[in-house]
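Participant: Top to bottom, those sequences are chains W and D. Note that the numbering used here has the first sequence beginning at 130, numbered continuously upward. Note that the numbering used here has the second sequence beginning at 68, numbered continuously upward.
Simulated from the structure, these hints should not be mistaken for lab results. Incorrect hints may appear among the rest.
[Claimed, not checked] Some residues of chain D that are not near chain W, with every Cβ distance over 10 Å (derived): (1) R85; (2) A91; (3) Q146; (4) D211; (5) A235; (6) G308; (7) T310; (8) T374.
[Unchecked claim] Chain D is faced by these chain W residues, among others (derived, beta-carbon under 10 Å): (9) E252; (10) V456; (11) T459.
Positions of the beta carbon are idealized from the N, C-alpha and C atoms, including for glycine.
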Amino acid sequence: MPRPPRLGLAVSAAVLLALTACSAPTANPGTGNGPLVVATAGEPDTLNPVLNYGVDGGSLIFDGLVARDERNQLVPALAEELPSVSPDGQTVTARLRPDVLFHDGTPLTAQDVVFTYRAVLDEKVDSTLRSDLDMLASVDAPDEATVVFTLRYAYAPFLQRLTLGIVPAGALAGQDINKAPFNRQPIGTGPYRVASWTPGDRLVLAANDRYWAGRPANNGVVVAFVPDDNVRAQRTRAGEFDAAELPPKLATGFDAQPGYRVHRAPTADYRGVMLPMGNPVTGDVAVRRALHAAVDRAAMVDGVLGGAGEPAYGPVPPSSEFADPAVAGTPTADPATATATLDAAGWRPGPDGIRVKDGTRAAFSLMYPAADSLRKELALAVTADAKKIGIAITPEGLTWDAITPRMKSDALIMGYGTPYDPDFVSYKLFHSDFAGQGFFNPGSYASQVTDRALRDGRAEADPARRRAAYATFQQQLATDVPWVFLTYLEHTYVLRDSVDGVVARVEPHEHDVANSIWWNIHTWTRRS
Amino acid sequence: MTERIRRRRLAGAGGVVRRRLLVAVPVLVATSAGMFALGAASPIDPAQQYAGAAAFTTSEENLAQIRANWGVDDPLPVQYARWVGNLLRGDLGWSTSRHEPVVDVLAARAGWTLLLVGAALAVVLVASLLLGTLAAYRRGGWFDRGLRASAYAVQSVPVFWLGLAAIAVFALSLGWLPAGGLTDITATGTDPADVARHLILPVGVLALSQVPWFVLFIRDSVADSLRDDHVLAARARGLPGRTVLFGHALRTGLLPFITLIGTHLPEIVGGAVLVETVFSLPGLGAVTVQAALGSDFPLLAATTLATTVVVLTANLATDLAYAAADPRVRLE
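Could you build the full structure based on these sequences and the hints that come with them?
Facilitator: Here it is in structure tokens:
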């Protein structure tokens with residue numbers, strides 16, 4: 130909807146031009162002057178990596194020992210080179226890069242790294258990361274530039290856990306980390322330092338002139354926190370943001386908007402139906418296989434996701450080097466296979482069209498968090514597809530506290546996923562050791578083949594053997610179908626055309642300040 | 068009215084205030100204890116809320132350790148005694164959903180909510196008194212009919228929608244006002260002029276959403292009192308129309324209006340929560356919702372207590388104002 134240029138805008142643009150011309154006659158036209166402004170829905174609770182801020186990297190304020198490049202491959206960051214792993218896989222040694230300074234000017238030493246990891250392991254610290262580092266026995270600094278991690282057991286993807294941002298020991302030692310002012314005014318080594326944070330409003334980041342990897346290409350970043358999708362879309366339309374995360378259906382409105390482009394970032398963020406073994410209907414593998422065949426994933430991608438996604442057949446995303454292409458099925462529904470499977474297993478259509486076996490009706494409840502409209506629509510789509518093959522699903526929108534106690538016996542639309550290592554989420558979700566433990570394997574799926582494959586996957590150091598283990602794992606899941614995987618999502622962003630340097634990488638489930646499309650914003654520039 | 072008469076009318080005020088304060092203490096104790104019991108009965112696990120999406124990768128013992136650090140698994144009386152003890156020492160506690168002291172949450176946000184509510188209330192009062200009285204004066208005329216029709220229309224529209232519509236018109240189409248936020252997104256401080264410009268739309272929308280009630284009330288009230296004996300008498304004495312309208316009829320109609328403001332205050336605060344969401348304002352609204360969802364008792368208790376104090380004060384002020392305005396009411 131083009132409008133004639135307004136006088137006010139023209140005047141202010143002219144003033145702005147005049148001002149910039151006066152103040153910075155030699156300014157590089159590529160860098161632009163004002164900060165880049167990005168908008169996101171999710172606001173971090175704290176900015177301390179120990180308390181779960183930006184633990185997978187891309188945190189803008191902090192660096193880990195290692196970082197991830199645009200293909201999510203590990204590259205050295207605060208470590209001079211990728212840390213070395215001992216032959217038994219239980220000792221990991223990192224050499225620190227020299228001359229790294231924290232934002233307050235203090236130099237980075239091995240003590241800071243030791244402090245960071247010991248803080249996570251400290252039971253007095255309210256960190257949920259401890260669960261991810263249960264393999265870590267101790268961390269020590271034999272000298273100022275060396276850090277040694279000792280593991281309880283060989284854990285192949287341990288280096289992937291070293292993206293955790295390093296905090297300065299001097300700024301936190303002796304304090305209650307849970308309540309330290311540092312959590313709101315943090316000091317890191319990253320490309321930006323925190324200028325101010327107004328919770329509920331915005332986070333202002335200023336370029337770190339002494340960044341070890343080179344000064345950022347722009348002067349700073351403002352992250353606006355706008356939780357409501359419609360409001361964020363309207364403010365984007367009003368021209369406030371250089372980049373904004375928007376749901377697919379709102380983002381497509383910008384395809385035709387001059388000056389903006391829509392960017393779709395692939396993710397490892399899947400949605401699926403968890404089918405509990407404790408339910409007489411979903412506990413039957415024939416029912417699970419039939420559902421797997423009966424769902425129309427292509428229709429869900431088009432209809433529910435507005436095209437921003439792709440079909441999912443397992444928990445390892447297609448972008449992962451561990452993905453096994455053999456488990457991919459047909460994106461459209463295959464009701465013939467589904468009905469044949471049910472017929473063969475003795476599920477016969479009853480008088481009302483719903484199948485019955487030994488007096489049990491093929492009917493079950495499918496729960497979803499009521500506030501999540503995407504999961505609701507997926508639940509309804511699954512319900513409709515199941516009805517076509519004679520399975521009656523009752524979708525139930527509930528709150529999490531109502532869902533949690535029923536997960537052992539009622540199906541649930543769940544979502545998670547990480548692009549980094551198949552061990553990260555899948556081990557707890559599908560290993561029988563975790564059967565029935567809260568959100569870990571809530572359906573009590575148990576398979577010795579899966580258990581062994583998952584254990585091999587984390588213990589084996591050799592990439593080829595890991596790949597083989599995870600291929601076995603994915604095939605066994607496809608056979609047992611403890612979940613019917615539905616779709617991988619795409620995260621959609623609207624970007625100003627004048628912004629350069631944007632590189633989308635495969636994103637995890639969680640993305641806000643950290644790990645969104647602006648993971649590399651320190652290299653972005655804006656043409657004026 | 069002479070100074071002496073007014074003083075005599077408010078003679079009992081000190082006693083009333085003292086008695087109300089005495090009543091306030093058990094009310095506050097009951098409210099906070101009730102909050103506590105509700106929080107304890109809630110099935111929501113605050114540690115799981117705290118973990119957020121990480122709850123899917125956090126082990127049960129990890130969560131149990133966090134709960135132990137917070138002491139949220141202690142018996143209810145122990146938790147309540149600890150909270151009251153801290154309160155008496157001036158410590159409102161630690162907000163588990165915001166990860167900062169409750170005092171800091173209130174200090175950073177309550178001001179913006181108060182500013183929003185206060186400004187909106189002022190606009191509501193002025194607009195409804197003026198428009199309501201004018202409509203009553205020309206009862207049945209085109210102004211009256213138009214005003215009533217639009218009041219009903221606005222009343223039936225959700226605040227949320229009003230906000231989005233206002234943004235669409237004034238921020239997007241006309242470009243006159245910013246679409247949201249407290250300041251310009253790249254501003255380095257909170258410049259009062261900048262904040263004022265950003266508050267025009269939110270205050271306007273909140274006021275607009277609350278005005279219909281008050282306008283209709285004033286209109287009916289003034290229209291009724293225009294038929295009262297003393298007003299008819301004033302008219303019969305040949306006093307000018309404006310004097311009769313504002314000096315006699317409106318003054319009579321004002322009395323119940325004071326009560327209406329007192330009872331309507333919670334609704335305006337409720338509207339403010341929605342308006343804060345639509346205009347991305349860092350007020351108390353969003354954090355209160357978050358606190359409720361996350362079983363963040365210390366923050367919930369603080370906001371509830373603050374609201375209770377405001378309501379009790381508003382009631383007291385209403386009664387005192389009544390005594391000052393109506394000669395028939397005595398404070399004793």
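Participant: Decide, hint by hint, whether the structure agrees.
Facilitator: Hints, verified against the model:
1. R85: Since the minimum Cβ distance to chain W is about 39 Å, D/R85 lies beyond 10 Å and the statement holds.
2. A91: holds (31 Å)
3. Q146: The claim stands: D/Q146 keeps its Cβ more than 10 Å from every Cβ of chain W (closest is about 17 Å).
4. D211: holds (35 Å)
5. A235: violated (7 Å)
6. G308: holds (44 Å)
7. T310: The assertion about D/T310 holds, with a minimum of 45 Å to chain W.
8. T374: holds (19 Å)
9. E252: Holds: closest Cβ of chain D sits about 5 Å from W/E252, inside 10 Å.
10. V456: For W/V456, the interface hint is violated, since the closest Cβ of chain D sits about 22 Å away, which is over 10 Å.
11. T459: With a minimum Cβ separation of about 29 Å from chain D (threshold 10 Å), the hint on W/T459 is violated.
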